[in-house]
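Asker: One-letter residues, chain by chain:
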Amino acid sequence: MSGTLKVTDVNKSFGGLKALSEVNLNIESGTVHAIIGPNGAGKSTLLNVLIGKLEPDTGTVMFNDISLLGMTPHEINQVGVSRVFQTPEIFGEMTLLENVTIPCYAKRDGSFKINPWPRVDEDEDVQSKAMALLEDVGLADKKDVIANSLSRGDKRRLELAMCLVQEPELLLLDEPTAGMSRADTNNTIELLKKISARGLTMVVIEHDMHVVFSLAEKSTVLAQGTPIVEGKPDEIKGDPKVQEAYLGGAHL
Amino acid sequence: MSTATAAPVSKAIPQVGEPKATSKGDLMTLAIFIAVVLTAPIWAIPIGAGYPDLLQKFAIFGVFAIGFNILFGLTGYLSFGHAAFLGGGSYIAVWSFKLLGMNILPAVLFGTLFGGLFALAIGFVALRRSGIYFSILTLAFAQMSYNLAYSVLTPVTNGETGLRVLRDDPRIFDDKSGGYDGTLIGNLFGLEMTGYTAFYFCASVLIIAFYISQRIFRSPFGLMLRAIKNNQTRMKFTGLNTRPYALTAFVISGMYAGLAGSLMAVTDPLAGAERMQWTASGEVVLMTILGGTGTLLGPILGAVSIKYFENIFSAYNKSQLLDTFSFLPDSIAEPLVSVLGLFVGEGWHLTLGVLFMLIVIYLPGGLMEGARRVSAMLRKRKAEKTDASSGQTTPAE
Ligand SMILES: Nc1ncnc2c1ncn2[C@@H]1O[C@H](COP(=O)(O)OP(=O)(O)OP(=O)(O)O)[C@@H](O)[C@H]1O
Ligand SMILES: [Mg+2]
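Residue numbers (our numbering), protein chains in the order written: chain A, 1 to 252; chain B, 253 to 649.
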């Protein structure tokens with residue numbers, strides 16, 4: 001099975017704060033799985049554990065049949081896990097085209113290769129692949145723009161394109177539509193649907209229920225570091241435990 | 253496709269003020285660069301720099317700065333210890349003269365290699381940290397090397413006196429037959445490295461060094477180095493291992509420094525510990541920033557400017573100043589000279605400091621940014637002129 005993720009008994013504390021406690025999660029191949037929960041529930045922390053940015057105190061994380069624990073971020077990425085961050089992580093001082101070119105080389109040449117002689121701008125394969133990806137996310141006409149000058153929504157789309165270059169088996173998205181207008185959000189939903197149709201597995205963290213309902217086949221509600229409910233989005237909607245986790249304030 | 257949004261286009265890419273980064277543009281730059289370097293003995297005469305000693309200094313420090321820029325300009329790692337590789341290269345070159353003979357080829361080769369190996373050792377440790385901690389680690393290593401060269405390693409470096417080639421050194425490949433024991437001047441298969449011969453050798457090395465740096469800038473490897481400067485987090489989560497990339501850049505710039513150091517010994521076969529001192533490390537930082545960090549030509553421009561002004565300002569002394577201002581009454585000339593005197597001769601570093609401050613404050617992109625601004629202004633003026641003239645012709649129709 002490709003693109004499966006199995007998280008067992010993961011715990012993580014920051015000093016006295018228990019950010020994750022007894023997290024068990026089973027994500028099936030080719031599905032879109034949403035993780036929702038109030039602010040500070042530990043959603044981003046969970047992603048940080050998955051991609052090797054944080055080491056959990058206990059527990060295991062299995063991707064396909066590989067344990068991700070103890071692997072460095074670039075190794076985890078090279079086995080097929082990519083992530084879009086809550087605050088976009090892009091190469092801010094470079095052009096959009098350069099931004100997507102870099103993952104093209106990472107995919108082709110691996111995590112390290114000294115390749116100091118050929119010209120990047122004359123590498124037809126890489127250039128056309130990079131352009132195709134920019135077109136996929138609708139940024140082709142801005143290829144020579146410096147990434148830092150993009151709007152937040154565009155930055156996230158760029159980051160998404162950079163992740164897609166690598167054809168990951170598992171794509172982790174931390175609030176992909178935060179800060180986007182309604183129209184941009186809908187565009188992104190369409191884009192993510194198209195991507196998910198390619199058969200990769202996606203884990204989406206979202207506050208926007210509209211996005212969750214449109215995309216996810218399954219969702220897990222996280223509260224104070226523990227998964228409290230798991231099921232289809234419309235099943236969990238009316239669950240009293242979920243209402244309580246959101247302190248009764250928010251409407252799902 | 254039409255661009256609806258007027259977003260700023262490619263303003264911040266490192267090649268500011270330089271021709272467009274296409275292979276044609278780069279070839280053009282290279283051709284102009286070669287022409288300018290090879291004709292230096294001619295155009296340097298009117299500006300008072302037309303003698304080989306100074307010109308070869310330009311070339312050698314140009315090499316040093318190009319290499320430094322590959323590290324600092326591309327990856328953003330600011331090393332304060334590159335003098336260690338420069339000095340190391342000099343020592344090795346002199347040892348090559350002493351043991352193998354006065355042929356400069358092995359001297360340059362071993363000097364460069366040593367710079368790389370030394371950088372590998374220091375970079376391996378220093379690159380565990382970034383930012384200011386990295387800078388301080390490199391500074392500490394270089395000062396350690398300086399102190400070792402100055403005292404503990406005296407048998408190898410000849411300490412305070414400096415290392416030089418002696419008549420009774422082995423020089424095994426030198427022709428010492430027939431009572432003649434060879435000169436102690438570096439040579440390239442018999443061609444002695446003096447005067448303009450030495451300059452043209454250094455100039456050739458500079459041209460090759462520039463070409464290599466140009467290739468690196470445009471290559472996938474160069475792209476990765478710029479990615480390090482931009483966002484290491486994104487790089488790691490893109491499956492790239494950042495450390496070996498940074499280390500390779502560090503080693504390459506160490507080789508450039510070792511090469512520059514060996515060229516110093518080629519043109520004057522001796523080596524001293526002062527080449528390893530932190531002031532020498534600081535100088536290459538100034539050159540790079542002054543010229544334009546991350547640009548291809550900037551560091552060379554910075555190196556030439558600093559060496560040129562050093563030559564002018566440090567040659568002045570008080571009595572010359574007094575002569576210059578002799579037209580003023582003594583009561584004005586004397587205090588004026590005593591103030592200006594602080595900035596010349598030994599005090600030239602004061603001038604350099606002021607110059608550096610002005611550049612960093614008003615032209616943070618260095619001289620290359622100045623060049624870009626001027627050329628943008630000229631282009632704008634030209635465009636306005638053609639606008640105006642076409643505006644006049646239209647009503648005639
Ligand atoms: N590196 C860290 N050191 C200390 N505390 C942390 C760290 N990272 C997260 N936390 C804490 O852990 C808790 C969970 O944070 P996390 O960012 O995972 O929440 P989240 O569910 O992603 O919230 P949001 O919806 O606001 O993004 C918070 O209380 C946060 O302050
Ligand atoms: Mg979060």
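No wet-lab data here; the hints were simulated from the structure. Nothing here was measured: the structure is a model prediction, and the numbers come from that model. Be a bit skeptical, because a hint or two may be false.
Derived EDC-like pairs (lysine to aspartate or glutamate); straight-line CA-CA distance at most 20 Å [as the list claims (entries may be wrong)]: (1) 276(B) - 93(A); (2) 276(B) - 121(A); (3) 481(B) - 136(A); (4) 113(A) - 123(A); (5) 129(A) - 141(A); (6) 481(B) - 93(A); (7) 276(B) - 124(A); (8) 559(B) - 575(B); (9) 276(B) - 123(A); (10) 276(B) - 141(A).
Listing some non-contacts, in silico: residues in chain A with all C-beta distances to chain B over 12 Å [said to hold, decoys possible]: (11) 29; (12) 30; (13) 65; (14) 67; (15) 73; (16) 88; (17) 98; (18) 106; (19) 165; (20) 210; (21) 231; (22) 234.
Computed from the model, here is a short list of chain B residues facing chain A with C-beta under 8 Å [unchecked claim]: (23) 277; (24) 279; (25) 281; (26) 413; (27) 463; (28) 466; (29) 467; (30) 488; (31) 491; (32) 497; (33) 500; (34) 613; (35) 614; (36) 633; (37) 637.
Beta carbons are placed, not taken as given, at the ideal position from N, Cα and C, and that holds for glycine.
Asker: Confirm or reject each hint.
Answerer: Here is how each hint holds up against the structure:
1. The hinted pair formed by residue 276(B) and residue 93(A) fails the criterion: a straight-line CA distance of about 24 Å is larger than 20 Å.
2. Restraint check for residue 276(B) and residue 121(A): the C-alpha separation of about 12 Å stays at or below 20 Å, so the hint holds.
3. In summary, the hint linking residue 481(B) to residue 136(A) is not supported, as the alpha carbons are separated by about 27 Å, beyond the 20 Å threshold.
4. For the hint pairing residue 113(A) with residue 123(A), the CA-to-CA distance comes to about 16 Å; that is within 20 Å, so the pair holds.
5. Distance check on the hinted pair: residue 129(A) and residue 141(A) sit about 15 Å apart at the alpha-carbon level, within 20 Å; holds.
6. Pair hint residue 481(B) plus residue 93(A) holds up; C-alpha atoms about 9 Å apart against a cutoff of 20 Å.
7. At roughly 17 Å between alpha-carbon atoms, residue 276(B) and residue 124(A) fall within 20 Å of each other, so this suggested pair holds.
8. Between residue 559(B) and residue 575(B) the alpha-carbon distance is near 25 Å, which puts this suggested pair outside the 20 Å criterion.
9. Taken as a hint, the residue 276(B) and residue 123(A) pair is honoured in the structure, with Cα atoms around 15 Å apart against an allowance of 20 Å.
10. Annotation: proposed proximity of residue 276(B) to residue 141(A) is violated, straight-line Cα distance about 24 Å (limit 20 Å).
11. Residue placement check: residue 29(A) keeps its beta carbon more than 12 Å from all beta carbons of chain B (closest about 21 Å).
12. The beta carbon of residue 30(A) is kept farther than 12 Å from every beta carbon of chain B, the shortest such distance being approximately 22 Å.
13. Distance to chain B confirms residue 65(A) as a non-interface residue, since its nearest Cβ pair spans about 20 Å, more than 12 Å.
14. With a least CB separation of 18 Å from chain B, residue 67(A) remains clear of the 12 Å interface cut-off, as annotated.
15. Look at residue 73(A): its CB is around 4 Å from the nearest CB on chain B, not clear of 12 Å, so calling it non-interface is violated.
16. With a least beta-carbon separation of about 9 Å from chain B, residue 88(A) fails to lie farther than 12 Å from that chain, contradicting its non-interface assignment.
17. Residue placement check: residue 98(A) does not keep its beta carbon more than 12 Å from all beta carbons of chain B (closest about 7 Å).
18. Not every CB of chain B is more than 12 Å from the CB of residue 106(A) (nearest about 4 Å), against its label as outside the interface.
19. Some Cβ of chain B comes within 12 Å of the Cβ of residue 165(A); the nearest lies about 8 Å off, and the non-interface call is violated.
20. Non-interface status of residue 210(A) relative to chain B is upheld: no Cβ of that chain comes within 12 Å, the nearest being about 26 Å off.
21. Non-interface call for residue 231(A) relative to chain B: holds, since the shortest CB-CB distance, roughly 30 Å, exceeds 12 Å.
22. The claim that residue 234(A) is not at the interface with chain B holds, since no C-beta of that chain comes within 12 Å of its own (minimum 33 Å).
23. Of the supplied interface hints, the one on residue 277(B) is violated, with its beta-carbon coming no nearer than about 11 Å to a beta-carbon of chain A, more than 8 Å.
24. The beta carbon of residue 279(B) is not positioned within 8 Å of any beta carbon in chain A (closest approach about 11 Å), and the interface hint is therefore violated.
25. Among the interface hints, the one on residue 281(B) is violated; its C-beta lies about 14 Å from the nearest C-beta in chain A, farther than the 8 Å criterion.
26. For residue 413(B), the interface hint is violated, since its Cβ never comes within 8 Å of a Cβ in chain A; the closest pair sits about 40 Å apart.
27. Hint status for residue 463(B): violated, given a least beta-carbon distance of 11 Å to chain A, over 8 Å.
28. Contact between residue 466(B) and chain A, as hinted, is not supported at the beta carbon level, the nearest pair being about 10 Å apart and thus beyond 8 Å.
29. Hint status for residue 467(B) relative to chain A: holds, with the closest Cβ pair at about 6 Å, below 8 Å.
30. Because the smallest distance between the Cβ of residue 488(B) and any Cβ of chain A comes to about 4 Å, under 8 Å, the interface hint for this residue holds.
31. Interface restraint check for residue 491(B): the shortest CB-CB distance to chain A comes to about 4 Å, inside 8 Å, so the restraint holds.
32. Contact between residue 497(B) and chain A, as hinted, is supported at the beta carbon level, the nearest pair being about 7 Å apart and thus within 8 Å.
33. The restraint placing residue 500(B) at the interface with chain A holds, with a minimum CB-CB distance near 6 Å, inside the 8 Å limit.
34. Given the 8 Å rule on beta carbons, the hint for residue 613(B) is violated: about 22 Å separates it from the nearest Cβ of chain A.
35. At its closest, the beta carbon of residue 614(B) sits 22 Å from a beta carbon of chain A; the interface hint therefore is violated under the 8 Å criterion.
36. With a least beta-carbon distance of about 25 Å to chain A, the hint placing residue 633(B) at the interface is violated under the 8 Å criterion.
37. Interface restraint check: residue 637(B) against chain A, minimum CB-CB distance 28 Å, threshold 8 Å, status violated.
Taken one by one, the earlier hints fail for this structure at numbers 1, 3, 8, 10, 15, 16, 17, 18, 19, 23, 24, 25, 26, 27, 28, 34, 35, 36 and 37, listed in ascending order.
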